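Novice: If you want the building blocks of each chain, they are given just below.
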Amino acid sequence: MKKLASLFILFTSILFFQNQSISAEKPKFLETDWTFKGLFGKYDRGALQRGYQVYTEVCAACHSMQYLSYRNLAEPGGPEFTEEEAKFIAASFEVLDGPNSDGEMFTRPAKLSDKFVMPYENVEASKAANGGAYPPDMSVLAKARKGGADYIYSLLLGYDEPPADIKLDDGVYYNKFMYGNKIKMSAPLSDGLVEYNDGTEATKEQMAKDITTFLMWSAEPHLETRHKTGFRVIVYLIILSVLVYLTMKKIWSRVETKI
Amino acid sequence: MSDSHYIPKSKVGKWFNDRLPLLTLANHLTDYPTPKNLNYWWTFGGILTFCLITQIVTGLVLAMHYVADTKLAFASVEHIMRDVNYGWLIRYVHANGASMFFLAVYIHIFRSLFYGSYKSPREIIWIIGIIIYLLMMAAAFMGYVLPWGQMSYWGATVITNLFSAIPFIGEGITTWLWGGFSVDNPTLTRFYALHYLIPFLILGLVVLHIWALHVPGNNNPVGIEIKKPSNDTVPFHPYIVIKDAFALLLFMIVFAFFVFYTPNILGHADNYIEANPLVTPAHIVPEWYLLPFYAILRSVPDKLMGVIAMFSAILILVALPWLDTSKVRSAVFRPLYKQFYWILVLDVLVLGYVGAMPAEGLYLLVARIATAYYFIHFLIILPFLGLIEKTNPVPLSITEPVLAGAAMATKSAGENKIENNLKSLG
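The listed protein sequences derive, respectively, from chains S and D. For what it's worth, this note's numbering labels the leading residue of the first sequence as -18, then goes sequentially. For what it's worth, this note's numbering labels the leading residue of the second sequence as 54, then goes sequentially.
Calculated directly from the structure, the hints in this document are not laboratory data. These numbers were taken from a predicted model, which means no experiment stands behind them. The reader is advised that the hints may include incorrect statements.
To be verified - The list that follows gives simulated cross-link-like pairs (lysine-lysine, BS3-like), each with its CA atoms no further than 30 Å apart:
(1) S:K9 - S:K148
(2) S:K23 - S:K209
(3) D:K281 - S:K231
(4) S:K127 - D:K124
(5) D:K124 - S:K108
(6) D:K62 - D:K124
(7) D:K62 - S:K231
What the hints assert, rightly or not - Derived coverage of chain D by chain S (criterion: at least 3 residues anywhere in the stretch with Cβ under 8 Å from a Cβ of chain S; other residues may be distant):
(8) 287 to 294
(9) 301 to 313
(10) 323 to 330
Ideal Cβ positions, reconstructed from N, Cα and C, are used throughout, including at glycine.
Extracted from the complex, chain D is given alone in its bound form:
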């Protein structure tokens, strides 16, 4: 790596760095050679870090006012909304922040799928990412239970009941999870404790995720291995930092629009009714970001098989680096994969849509077809595609497609400029 011989200029810096090489780390992070052709889909890593920190900070403040008790939880949330200074803002940022977090993580995941970022040598980054995603779902689910509204209570009942599908020990596990014989105060308090814990686990995994990323370096839209540092890279600071900042600001505008103008549109009205174990809501629906998996769960007639299908839908992603047999990473050079990729995107959106609908009639049929296709994509299409697909020629470096893409007439002037610029970068 370029930064292995970093020596601080000041004496104090050197003294400190010899004992704890934080300055070496800082130098590595600023100099980190990044492919210069990263597009805006690559800005979502930074955006996700922002989302995580926002959730932790707002959550910390909410925790100072929230009371985890079935008799007081709902009222304490109303207290936050009415009487705590800017409590409404903090709670709306936290609640919509969860949705924004998932919006960003889905874009991040689908970017990885399009450009083959999960492939060798980045399998570990990918797998850590899947674990982070799983923890995010757990945190979001438990967070949704805390306001103790009707959807909190019944959502918790439906999801925890899934574990009762496990043969022999299922009932016992469910009772153990609840801390009783139904979702009640012990369930609420443990969900609260876990909801507080999980974000810090995620934070730790994010550090590993980035560490693992910095070993091979970023993938890029062309999907080829590049020499680092070289003409194909720019230092992380200021080039990527400023670009990430710009994308983050655009993201924050969307975020702010939800928080200030439609703060409840992504939630469910029933969650403003206090939990009542004696009244079941007409439709029990999870938050939008869990809907595709909810659709998969309900599309299988057998409860146990449904649960297995739902968890497999996520865990299958762990095997993705080995299921995709293509040597070429980026979909840009894979004409067939590109089409199947968009079909998969559509398939997941359809699953999300039918997940919000009652599981009957046409909706159920569509859910079943979409579920089947989801698994077919990963288990059959991807392995075979790699073997039969005729990929387009892949360039040798990032600068090459730029040059080849430019018309021959403009080549001389354009090329010289590029060369000069790259030289000046060193």
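Looking at chain S on its own, in the form it has when it is part of the complex:
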């Protein structure tokens, strides 16, 4: 029993250690409290709704979120806008539909079932408009970067004057947390850039936290269900293990062998 337990601990720690040692070469990420971490982690509803506002008003100018639909905004575990609010949000975007019975394409207001409207028609158009750099799709971005939410939060606040020995070309900015420290996105956030409806003060840090929470949700829309289900599953397994252990002891008591 002891051996088995120590084995599990050994292997788990090796795996964790390996993962951490790989990401240890970068500067330490800025720290903030995430509500979605931990055994019972949940998203902060307010942060998600504010995060959506930051996305639409700031990020959406360049970044697409192609795997999200407007209906997701009203689904449980997400920003949980009411259905009316989500419909209203959707209707504020125009999408291309068709062909109609005359064979013509036409535009109409978006519906809940539509995917998020993309700022550019294709990757090439987005590159052409952004000095050759592709603003990555943000649907799964929080899972597509080492460090996840911490990395994105740090990156958004990591803009700084470059050290004297680094020369930057036009349209390239210095960021402490970017791979190679050079980034083609100018600092996207500044204090008071958006005006929050719920009265929260729109500091840089607040906006960074809100948009990161929103991105984490878009990457892991079922995180809350996952945590809840996981807790139940593990409690169930532990109880069953105890019962099976006692049964095993009983059965093996017929044989004089240590177990």
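Given chain S, put chain D in place with the hints provided.
Specialist: Leaving out everything else, chain D in the frame of chain S:
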């Protein structure tokens, strides 16, 4: 065998069993005499069966939603994660299930190495096991390509390119594997087909693996041949079944922790970026379970020799029953082998670690030393150790060490109890 004269009690049962002896098989499996001193390291066979079935069942459901097309694969995986009912759960179980499968298989293999389970008369079990392990690696590698992320694409490119190292026909083989001139749609569709096929090949080999096991019966921690059935054995059911079930539950708790709380920690972040043939990731790293072999591959400067070294590292295991010359199976009675065994474990862990690091400087040096030691262990240390090692005395039966181990004072009471219990078992 004890079950050769099994006759079903009911008439229908007898009628059926005379035509297809499934009941004889079931009776054999329940009565199967198993050494009673098996420790928890022996529970991983059952755990591995569970892993295989989990992978097949979750994989079947995923296949209903996945689209094997370079333009749609990534999006279809996101569709599974977002819109399919409990798709996130099924995919996370499948992805982490692969890691759990390898975790279990490594424990299973190293258990065999410690207790000498590969030695006569169990060579065939061992060799089938190696083939299963090879197929597992192939299945895992191809499965990792299917989500069509950056690591999928570039991992596939690096691994398939290994075949181009073969002289003269290498380039042709690589083109044939790809179905084109680079990793592309034909590669994805054939990997998908093979990824679906291989688990069923593994399933067939598992049946052979267990069949071959049931001929000589299980090895045991003492590593001696025992009489079956005897005082040294217990029937498989309920004794081993309940113990396997308990160990499986503990394993499932670890499994569930990964699935529900850190589902992506064993994966690579880059695989959530859709494959792009024009952008190479900074570090191309395989999944953790392939890292030791990746380290061996990279530690040899020459590409062809690196490939040969990597495949030899696995194939050398086939010859293990003959490379190990010791007459004694279990490391318990081999004081020197026991030490070399732990050095080998450490060596493989070191190889795994440097496999995840960039192949340069100190990492490369460590990888080379560890690679050399890996081969030295199997090719030099093991054959000589068997000839020179002075082993400890081996008991004649499993019950003997138990009795000898108990203090003389408690002998009378303890011994009687054992005798009685064993008698009651028949």
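Novice: Compare the structure with the hints numbered earlier in the document and write down the numbers of the violated ones, lowest to highest.
Specialist: 6
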